[in-house]
Amino acid sequence: LLGRLARLLRLLRFKVFNELKAMVHGVFTGLRVLFWAIVLLGFFIYCMGLFMRSTLGSKAEEGNEYFDNFRSLDWSMFTLFRCFTDGCSAVNGTP
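Under the numbering used here, the first residue of the sequence shown is numbered 3, with each subsequent residue one higher.
Possibly wrong hints are sitting among the right ones.
Derived DEER-like restraints, expressed as beta-carbon distance ranges [said to hold, decoys possible]: (1) R9 <-> L33: 41 to 47 Å; (2) A92 <-> L52: 35 to 41 Å; (3) D76 <-> V41: 29 to 35 Å; (4) L75 <-> M25: 51 to 57 Å; (5) K23 <-> C85: 22 to 28 Å; (6) F30 <-> D76: 30 to 36 Å; (7) D88 <-> L4: 44 to 50 Å; (8) F16 <-> C90: 49 to 55 Å; (9) D70 <-> R34: 21 to 27 Å.
It is worth saying that the hints were derived from the structure and are not from the lab.
For glycine and all other residues, C-beta sits at the position ideal for the given N, C-alpha and C.
Using the sequences plus the hints, can you model the full thing?
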């Protein structure tokens, strides 16, 4: 099994597979950028969730039903994520 795999990997040295190697390299390079973009988005949603919880969450505790989605940090972050991804057209998340 390992011998066959090694033979397949040796085939990649041919010039015919240069484009394939470039595509695979581009995919793995793009994954690193995608990881940092997701981390940055998560940090932004966390900061905005803290802000929205502190400003609108107090109104939810007073009984205002429009701000119920900001009653905790988890719900604030989830609501912001839904709105960033175009899913907050209704209170219950339905389009």
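TODO: Go through the numbered hints given earlier and state which of them the structure violates, listing their numbers in rising order.
DONE: 1, 2, 3, 4, 5, 9
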